[in-house]
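Undergrad: Chain order of the listed sequences is A and B. Counting in the working numbering, the final residue of the first sequence is number 313, and the numbers go up one at a time with none missing. Counting in the working numbering, the final residue of the second sequence is number 313, and the numbers go up one at a time with none missing.
A few of these clues could be false.
Identical copies go unnamed one by one, so any copy, or any two together, can satisfy a pair.
[What the hints assert, rightly or not] Here are the simulated lysine-lysine pairs, DSBU-like style, with alpha carbons at most 30 Å apart:
{"no.": "1", "residue 1": "K141", "residue 2": "K293"}
{"no.": "2", "residue 1": "K76", "residue 2": "K188"}
{"no.": "3", "residue 1": "K188", "residue 2": "K60"}
{"no.": "4", "residue 1": "K145", "residue 2": "K90"}
{"no.": "5", "residue 1": "K90", "residue 2": "K188"}
{"no.": "6", "residue 1": "K138", "residue 2": "K185"}
{"no.": "7", "residue 1": "K232", "residue 2": "K141"}
{"no.": "8", "residue 1": "K188", "residue 2": "K92"}
{"no.": "9", "residue 1": "K295", "residue 2": "K232"}
{"no.": "10", "residue 1": "K87", "residue 2": "K138"}
{"no.": "11", "residue 1": "K87", "residue 2": "K76"}
{"no.": "12", "residue 1": "K232", "residue 2": "K59"}
{"no.": "13", "residue 1": "K185", "residue 2": "K87"}
{"no.": "14", "residue 1": "K232", "residue 2": "K185"}
{"no.": "15", "residue 1": "K76", "residue 2": "K232"}
{"no.": "16", "residue 1": "K255", "residue 2": "K185"}
{"no.": "17", "residue 1": "K188", "residue 2": "K232"}
Everything labelled a hint here was simulated from the structure, so no lab data went into it.
As a plain string of letters, each chain reads:
There are 2 protein chains.
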Amino acid sequence: MKKYDAFLLDLDGTVYWGKEEIPEAVTFVKTLKSKGLPYLFVTNNSTRTKEAVADQLSGFGIPCTPDDVLTTSIATASYIKARKPNAKVLYIGEQGLQQAMQSAGFTYEEEHPDFVAFGMDRQITYEKYAKACLAVRSGAAFVSTNPDVALPNEHGLAPGNGALTSVITVSTGVKPVFIGKPEPIIIDLALEKLATTKRRTLMIGDNYDTDIMAGINAGLDTLIVHTGVTSAEVLKTKAVQPTYALNSLSEWTFHE
Amino acid sequence: MKKYDAFLLDLDGTVYWGKEEIPEAVTFVKTLKSKGLPYLFVTNNSTRTKEAVADQLSGFGIPCTPDDVLTTSIATASYIKARKPNAKVLYIGEQGLQQAMQSAGFTYEEEHPDFVAFGMDRQITYEKYAKACLAVRSGAAFVSTNPDVALPNEHGLAPGNGALTSVITVSTGVKPVFIGKPEPIIIDLALEKLATTKRRTLMIGDNYDTDIMAGINAGLDTLIVHTGVTSAEVLKTKAVQPTYALNSLSEWTFHE
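All chains, full assembly: derive it from the sequences and hints.
TA: Shown next as structure tokens:
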């Protein structure tokens, strides 16, 4: 195992399962902390604020401040800010997206926005879709937090943000820029935030199609951990393999 | 011009514009009536009941009863009924769809429906989408009233039913059977309702991509009338031409 100077970690299936921590991951992050190795939690969740995520992780005994969390909502705000610092944005999403847009200093604008920013919104309405479609048809740039098509809930698989976004895509014929995994955009932003480079950084996650593909797409070494979505059997079927595959993060060897 | 025994007519852009009748179309339908030639109004609108449509047309002086109207909601009910007379259906849509499903005698069922029937719903919610996705993932047949991606309103083009439907399609990976134009299903049902055949029936409409393509797809002769969506210039660019193209329905010659 190579020596890495910085680590990007997925959340669900990698450091916790729903409301339960993964002990080996807790120990792993504590080790990163004690060694002074920078890390960032990179999540496709756009509905929660970084404070809410940090609170949850702290509750698991994982050393984490809000600045250690990069949600797709924050990444979406960074993406827009790099293109237009004082952007007028029509944003549709839950608290995580709203807070990210407001913290970035963007003006909420329905009539002539520079950007339409769409994220998971369980309060979605036809009126919100209609406003977004009109703005996209009028030339607003169209960004969406993440392309996940399904989201597990207590009943089964409900629609994810990629599915909700498709109303605007199908109606206008304009495809959004997706910010989240497996797109490399969020990984590039994570590297920037940690002031590290792709060669010195390892991307860690349990889901081949999102976490590992994001790392591969961004040019990072990747570590898949079989504590979540992708089993070792399924992994075998993939044409491009991750750099490392482990059953749990306790198997990782740190260089002194 | 050939002699036809039955006529299928689109509504918006063909017999009226929004809240205003097209005088030549009113005269045309009155002539059909006086000659005893059967006709049916075939509309992709799924939100209104056939009674509401007949009332509107009667208000324009067009001879019309509810039985002269085939909406995509009624067509969807007929399609399901032909496959399972006592179907349990999870239906999502406005009054037109609700009434059509209830009149057909279907039971509304969320847990284990035989069919998910989706139509334009300006009260759409995430919960409705989640229920539909679960049912489709559990094997319910998936039908949608019409594939229109955009719907004009006072501000511009808002999402149509085809765009709203895409949430379920993208999330589950299951494509719906679309009932409305340009699909031939609604035309076949119209022929059945009028007890006529494709060779003896003319499909009339203003929109090449929906009305005329539906006629062509179902094997009927078609008449495009340039009172709505498709101009003569745009029509020239189409590979398959309608049987007739007229500036208005006053140019139609009836055989004695």
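Undergrad: State for each hint whether it applies.
TA: Evaluated hints:
no., hint, in the structure
1, K141 x K293, "neither (43 Å within a copy, 43 Å between copies)"
2, K76 x K188, "between (36 Å within a copy, 24 Å between copies)"
3, K188 x K60, "neither (49 Å within a copy, 47 Å between copies)"
4, K145 x K90, "neither (39 Å within a copy, 56 Å between copies)"
5, K90 x K188, "neither (45 Å within a copy, 43 Å between copies)"
6, K138 x K185, "within (23 Å within a copy, 35 Å between copies)"
7, K232 x K141, "within (20 Å within a copy, 38 Å between copies)"
8, K188 x K92, "neither (49 Å within a copy, 47 Å between copies)"
9, K295 x K232, "both (27 Å within a copy, 26 Å between copies)"
10, K87 x K138, "neither (33 Å within a copy, 61 Å between copies)"
11, K87 x K76, "within (19 Å within a copy, 68 Å between copies)"
12, K232 x K59, "neither (38 Å within a copy, 45 Å between copies)"
13, K185 x K87, "neither (43 Å within a copy, 42 Å between copies)"
14, K232 x K185, "both (18 Å within a copy, 25 Å between copies)"
15, K76 x K232, "neither (34 Å within a copy, 34 Å between copies)"
16, K255 x K185, "neither (38 Å within a copy, 42 Å between copies)"
17, K188 x K232, "both (16 Å within a copy, 26 Å between copies)"
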